[in-house]
Amino acid sequence: MTLRAIVSSVLCVLSVAAHADGKVVVYNWAEYIPEGVLEQFTEKTGIKVEYSTYDNNETMYAKLKLQNGKGYDIVVPSTYLVSRMRKEGLIQPIDHARLTNYKHLDLDLLDKPYDPGNQYSIPYLWGSTAIGVNSDDIDPASITGWADLWDEQWRGKLLLIDDMREVFHMAYKINGVSTNTTDPAQIEQAYEKLKTLMPNVLVFNADAPREPFLAGDVSLGMLWSGEASMAQEENAAIEYVYPSEGAGFWIDNFVIPAGAENVENAHKFLDFMLRPEVAKQAVEEIGYATPNLTARDLLDEETRNNPIIFPSADVVKAGEFQEDIGEEANALMNDYWEKLKSGQ
Amino acid sequence: MRFRQLVITVTLAWLALFVLAPHILVLLTSLLSPDTQQLASYPFTMQSYTRLWEPVYASAFWQSFWLSLLTTVICLLIGYPFAWTLARLPKLPRALLLFLMMVPFWTNSLIRTYAIKLILGAKGLINSTLLSLGLIDTPLQLLYTPFAVIFGLVYILLPFMVLPLVTTFSKLDNCLLEAARDLGATPWQRFVQVILPLSMPGVIAGSLIVFLPAMGMFYVSDLLGGAKNLLLGNIIKNQFLVVRDWPFGAALSITLIVLMGLLLWFYVQANRRINRQGGLDDNAL
Amino acid sequence: MITPFKWSLVGLVFVYLYLPIAILVINSFNESKYGFEWKGFSLRWYEKLWHNDALMQAFTNSLLIATLAATAATVIGTLMALAVYRYQFRMKKLATGLLFVVLMSPDIVLAITFLVIFIVLGIHLGFWSLLISHITFCLPFVVITVYAQLKGFDRNLLEAARDLGAGEWRSFRTIVLPLVMPAVIAGWLLSFTLSLDDVIISTFVTGPGFEILPIRVYSMVKIGVSPEVNVLATLLLALSLILVMIAALLGRVRRKW
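Just so you know, the sequences run in chain order A, B and C. Okay, so the first sequence: first residue is 204 according to the working numbering, each after it adds one. Okay, so the second sequence: first residue is -5 according to the working numbering, each after it adds one. Okay, so the third sequence: first residue is 9 according to the working numbering, each after it adds one.
Fair warning: there could be bad hints in the mix.
[To be verified] With a Cα cut of at most 25 Å, we get these calculated DSS-like pairs of lysine-lysine:
| id | chain 1 | residue 1 | chain 2 | residue 2 |
| --- | --- | --- | --- | --- |
| 1 | C | 47 | B | 85 |
| 2 | A | 251 | A | 471 |
| 3 | A | 471 | A | 306 |
| 4 | A | 471 | A | 226 |
| 5 | C | 47 | A | 251 |
| 6 | A | 360 | A | 398 |
| 7 | A | 520 | A | 306 |
| 8 | A | 360 | A | 396 |
| 9 | A | 226 | A | 268 |
| 10 | C | 56 | A | 247 |
| 11 | A | 268 | A | 290 |
| 12 | B | 117 | A | 360 |
| 13 | A | 520 | A | 360 |
| 14 | C | 14 | B | 117 |
| 15 | A | 247 | A | 471 |
Just so you know, the hints here were simulated from the structure itself, not pulled from any lab data.
So that you can see chain A by itself, here it is in the shape it has in the complex:
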């Protein structure tokens, strides 16, 4: 009698406990969380992770908007979307008091204009957009800036990232204006400049720009820092050159959608991702930079001093962080982008 009572009450307590731990629904870029991390998290906290992925910011935004910010607990938008989502009430404030590991973050990467005080976002990984060169085919020293890509000898040979903000950035920097400009005249000037670049393009790629480099189809083009560092592991001849006019920089952030159901668990998840060991793993496996200072110290020397992953302060200063430019400028830029792509 008593044994059965004990067993049943124990089972009762256990089942309640299991329910109490619950789950957290995470929506992230594919392959953007290092292996085993989700399992580690569930082990440590007992919270189940429902994980799904997207391949571009826009799909994620559309899905979230249509569901009124419901359905997911954690999402990972890039810089320029954070401010827009904030203005539209799609995300909710994050309670820093619940994040014990917040202190590890690099102050330089916090409190940026897109989210003052980081009320709504926690940076996860950051990186740059610059020039990739295959040193087996081209001497990297001969490439110093974006303008070199316009050279006639690269006709039909370049790779450009299939993202209008990234491509326009090159023209803006050559023209000497901000990458976040909303001035229609400046946008038009950039378009005129880019028109002359189009004959040089062999391929646009936004999925894995390192792939055509590794396949031997291109030897010169735009590249993201993480892509470059991963490409180097496979083929040491692939190098990353920061253009003199200024590289593009961006940050991918964790946010909590306004309609999230498991807010408590979301905070626990954030806190876990802020652990230095986890951030260290992210750098090693994904190749982008972490804003987590303590994690940087944990890395081996080679990785810590890798200029591709962690550019010098000068390079960062010469470059510019991407931010939201508003709907009108976005629409105008898209019109020009479509014209460029259709050969006009």
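Please arrange chains B and C on chain A, whose structure you already have, making use of the hints.
Frame of chain A, contents of chains B and C only:
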């Protein structure tokens, strides 16, 4: 009586709920004004439709059109004799070969498109073979060209041409062919006057289910063509996701559907005329 | 008559179809992470897949949806083809038109319309929304294929049946259905393929709890050709070939009987 009603009711109910209603919503959206906050809002306006006349969109339409047409023609040229050969086989080998033809398609078209890159790339199968045989000095640019796009589209859409053709051919009465032969018709005459007209339903079916999806398949062009072309699918995706001008995206979609409808109508009318001349009965379609 | 020319055409087509597959299979055993060079034989990706629970789950989900959707689409689609072919009813032209609208709508448009109607109707995003949308976009393919076969059909057979007193259901079951079986099977195969392959529509209408294979593959392959995907493709291929062989053997056994 009851069966007939059931069939009609199921048909109409499903179509009404999951096709008619959503598309009416799209039509309504296309008439609304673009709105940054809510994706679309009142008042009603025709402004989205007036934007359609810009050259960018016409050019995108023609690109998509020619690509799809070329793909359909090539699928027909390859698929027709292929289906004919298959249909002449006894039931079991035919079913076997059909299955074998479909099997690659259960391994996900996206992965296979990536595999095509490994065939066409600078260090890919074709180039490596040609280089090692000494037939060329430097690798041919096969990938990121229109050739690669057609290669990929035909690859994905070929079975959609073959399947309807095989079913049509398998119903072809051999007696008719024998009769024609007995009457002294040459193989060419047999083909043009007997086989071709009778296979028309299959040809139409196959062409439709190749051409129409091809018009919307922008990802093959993106992956194998280098994303250098702006196709209708790209534009619509952009409008819905990047620019978030839903009324315009909706207007583009409605226009595309209407244009395709017109093309379809012309094709059917032309076919009806052919059939009438050939003496075949043509009713429901 | 099947000339050598025709046989070599068939052979060439099969080479064309299977060459990329062959590459996938070979690469699933490739030590290298990328498929460009052969770096040695290895089974590590098979091991990796075995431990990749999420991918296996997505795979099972996809098979489930594809089978259910193909079957439902074939049933409903065959009935629709029959309705259009045989019956006169008031909204026939509308029905046919709507079927073609589905065929003509670009994937992205269908995706958004489905999402919107599901939200409006309050259908939870996940298994059901996925199933309904898959059935709907497979329908026109089934209808067209079955209809094409019905067209070559001898109406007299049906007239004769009716004169002999057979009801609609009976004449459908005993006369029409056996004769259109090839098209029905073809329709099922097409639908199964379409469902397994679909990415864009599925991305929009599925919910977080129900991952399916094409979406996972899409993400993984875009980021950097994950070799486990090659393994999955190889396994799918092996599975399908085994099924085909079983079907062939069954056919031979039945014939002997």
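Cross-check of the supplied hints:
{"no.": "1", "hint": "C:47 - B:85", "verdict": "violated (44 Å)"}
{"no.": "2", "hint": "A:251 - A:471", "verdict": "holds (12 Å)"}
{"no.": "3", "hint": "A:471 - A:306", "verdict": "holds (15 Å)"}
{"no.": "4", "hint": "A:471 - A:226", "verdict": "holds (11 Å)"}
{"no.": "5", "hint": "C:47 - A:251", "verdict": "violated (38 Å)"}
{"no.": "6", "hint": "A:360 - A:398", "verdict": "holds (16 Å)"}
{"no.": "7", "hint": "A:520 - A:306", "verdict": "holds (24 Å)"}
{"no.": "8", "hint": "A:360 - A:396", "verdict": "holds (18 Å)"}
{"no.": "9", "hint": "A:226 - A:268", "verdict": "holds (22 Å)"}
{"no.": "10", "hint": "C:56 - A:247", "verdict": "holds (23 Å)"}
{"no.": "11", "hint": "A:268 - A:290", "verdict": "holds (13 Å)"}
{"no.": "12", "hint": "B:117 - A:360", "verdict": "holds (15 Å)"}
{"no.": "13", "hint": "A:520 - A:360", "verdict": "violated (30 Å)"}
{"no.": "14", "hint": "C:14 - B:117", "verdict": "violated (33 Å)"}
{"no.": "15", "hint": "A:247 - A:471", "verdict": "holds (11 Å)"}
Checked against the numbered hints above, the structure breaks hints 1, 5, 13 and 14 and satisfies the rest.
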